[in-house]
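Residues per chain are reported as follows:
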Amino acid sequence: MQPTIRLQREDFDAAAEAALLTRGRTDVGAVVTFAGVCRGAESGEPIAALTLEHYPGMAETEIARHVEEARTRWPLLGVTVIHRYGRIAPGENIVLVITASSHRQAAFAAAEFLMDYLKTRAPFWKQVEGKAGTAWIEAKDDDNAAAARWKKPAGDQAAE
Amino acid sequence: MQPTIRLQREDFDAAAEAALLTRGRTDVGAVVTFAGVCRGAESGEPIAALTLEHYPGMAETEIARHVEEARTRWPLLGVTVIHRYGRIAPGENIVLVITASSHRQAAFAAAEFLMDYLKTRAPFWKQVEGKAGTAWIEAKDDDNAAAARWKKPAGDQAAE
Amino acid sequence: MKLVYFAWVRERVGKAEEEIEPPASVRTVAELIRWLRGRGDEYAHAFEQAQSIRAAIDRSHVKPDAAIAGAREIAFFPPMTGG
Amino acid sequence: MKLVYFAWVRERVGKAEEEIEPPASVRTVAELIRWLRGRGDEYAHAFEQAQSIRAAIDRSHVKPDAAIAGAREIAFFPPMTGG
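Going line by line, the protein sequences match chains E, Z, C and L. Under my numbering, the letters of the first sequence match residues 25 to 184, in that order. Under my numbering, the letters of the second sequence match residues 25 to 184, in that order. Under my numbering, the letters of the third sequence match residues 195 to 277, in that order. Under my numbering, the letters of the fourth sequence match residues 195 to 277, in that order.
Just to be clear, a hint being listed does not mean it is correct.
[To be verified] The list that follows gives simulated cross-link-like pairs (lysine-lysine, BS3-like), each with its CA atoms no further than 25 Å apart:
(1) C/257 to C/209
(2) C/257 to Z/176
(3) C/196 to C/209
(4) L/257 to L/196
(5) Z/175 to C/209
(6) E/164 to E/175
(7) L/257 to E/164
(8) L/196 to E/175
(9) L/257 to L/209
(10) Z/164 to C/257
(11) L/196 to L/209
(12) C/257 to C/196
(13) Z/164 to Z/175
(14) E/176 to L/257
(15) E/164 to E/176
(16) Z/164 to Z/176
[Said to hold, decoys possible] Some, not all, of what chain L presents toward chain E, calculated at C-beta under 8 Å:
(17) 200
(18) 229
(19) 271
(20) 273
(21) 274
(22) 275
No lab work stands behind these hints: they were computed from the structure. Virtual Cβ for every residue (Gly too), placed ideally from N, Cα, C.
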């Protein structure tokens with residue numbers, strides 16, 4: 025399995041990406057697709073757009089490393105991660121994670137793991153454009169708590 | 025929010041269904057799509073097809089009741105459940121669950137809750153067609169264990 | 195009352211549904227299953243393992259001790275395997 | 195070595211990257227941050243809250259006590275907010 029990992033300015037086609045993961049094979053029983061969408065308000069204030077900055081080079085490498093970790097934890101048959109950068113208007117897609125597996129538990133767990141990772145450790149930063157100008161979004165405690173779920177105790181390699 | 029719940033013989037278009045949940049609104053931040061696909065083997069034996077039988081009338085009502093339960097548990101902005109019945113070949117879709125929310129945790133949890141429910145309590149039965157004829161698939165312990173995760177403490181629970 | 199059968203319960207009984215009138219002494223789902231077993235070999239076979247049979251009264255899941263009085267439609271089927 | 199800055203660290207420093215040559219006494223990321231603070235008001239402002247700054251050496255996350263010897267590229271940025 026060759027994972028698809030892309031960082032791009034342009035939008036993505038979630039359905040076309042999911043179709044690529046299952047085409048011509050009959051071992052996939054479960055496909056989980058997560059699409060992250062730009063909301064029209066942040067902390068109760070309407071926003072005009074988000075701008076996503078990233079660290080080119082590091083972002084790709086770090087995402088690939090976490091996709092590999094997901095593959096060692098769960099029996100995945102396909103993984104796609106696409107993260108946009110640049111200016112993104114409310115209602116537009118930001119991020120896509122697709123996981124395919126024989127069984128749903130692995131597909132769900134891997135998709136959540138990758139999203140928790142992208143929210144907290146992948147080198148992306150979101151800036152909002154609002155009425156009062158621009159502001160950088162602060163990291164959220166509950167995202168960090170979600171990511172901490174996946175930490176393994178030292179020495180414990182049990183899958184799932 | 026009016027959930028979409030359909031039982032049908034024909035295939036579904038996951039992308040079109042997901043687009044319906046988000047079209048024209050900017051409060052959705054996360055869309056989780058689960059597609060269950062017919063695998064080409066069951067317990068290691070190749071299969072020609074699955075046939076899904078269901079209890080018309082009860083299936084719709086029961087799914088609707090569980091969608092309502094999901095809506096009381098998580099702040100959902102949209103839910104779609106489509107379950108096929110009849111003969112389904114390997115590689116074809118069986119079931120679709122889509123959940124939309126402002127935040128990903130609610131969307132993921134509700135999609136898993138609904139899938140665990142559909143696997144264990146919705147009145148559907150799968151029969152496999154293999155080389156040695158047809159056989160009914162038996163309920164799986166790990167599906168029951170997955171569904172039991174969502175049980176509320178006694179006293180807070182609907183009659184089973 | 196109407197009985198409906200699904201999956202291998204339907205196959206073993208040999209029909210998808212039927213009208214029955216059990217005696218007044220048959221008060222619960224478990225008692226109905228015992229009574230059905232006495233109706234012939236196909237029923238005895240379909241209901242031989244009561245713990246593998248699920249039941250619904252008027253399209254709601256019920257347990258074996260549920261009363262059948264007033265039921266319009268009682269369904270019997272194996273554990274569900276949808277999704 | 196090359197320093198690169200992102201998000202509000204970049205905005206406060208006023209540039210996206212630069213070449214620097216810190217003295218040999220600067221051995222860790224934390225020491226580099228202290229040294230950078232002395233380079234001017236913009237650096238003092240960007241690095242005033244060291245606990246809000248994350249660092250990467252050659253594109254891998256590192257902790258403040260990481261040694262900088264041999265680093266080609268050191269990045270400073272706020273906590274990540276992708277996804």
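Hints, verified against the model:
1. C/257 to C/209: holds (23 Å)
2. C/257 to Z/176: holds (19 Å)
3. C/196 to C/209: Roughly 12 Å separates the two Cα atoms, so the pair holds.
4. L/257 to L/196: Judged against 25 Å, a Cα distance of about 18 Å means the pair holds.
5. Z/175 to C/209: violated (35 Å)
6. E/164 to E/175: Answer holds: residue 164 of chain E to residue 175 of chain E is near 18 Å, not above 25 Å.
7. L/257 to E/164: holds (20 Å)
8. L/196 to E/175: Violated: residue 196 of chain L and residue 175 of chain E sit about 32 Å apart, past 25 Å.
9. L/257 to L/209: Holds: residue 257 of chain L and residue 209 of chain L sit about 23 Å apart, inside 25 Å.
10. Z/164 to C/257: Within the cut-off at roughly 20 Å; holds.
11. L/196 to L/209: Within the cut-off at roughly 12 Å; holds.
12. C/257 to C/196: Measuring from Cα to Cα gives roughly 18 Å; hence the hint holds.
13. Z/164 to Z/175: holds (18 Å)
14. E/176 to L/257: holds (19 Å)
15. E/164 to E/176: At roughly 22 Å apart (the allowed maximum being 25 Å), residue 176 of chain E and residue 164 of chain E satisfy the hint.
16. Z/164 to Z/176: holds (21 Å)
17. 200: Status holds, d = 6 Å.
18. 229: Not OK, violated: residue 229 of chain L not within 8 Å of chain E, min 22 Å.
19. 271: Interface hint status for residue 271 of chain L: holds (7 Å vs cutoff 8 Å).
20. 273: holds (4 Å)
21. 274: It holds, given that the least Cβ distance between residue 274 of chain L and chain E is near 6 Å, below 8 Å.
22. 275: OK, holds: residue 275 of chain L within 8 Å of chain E, min 5 Å.
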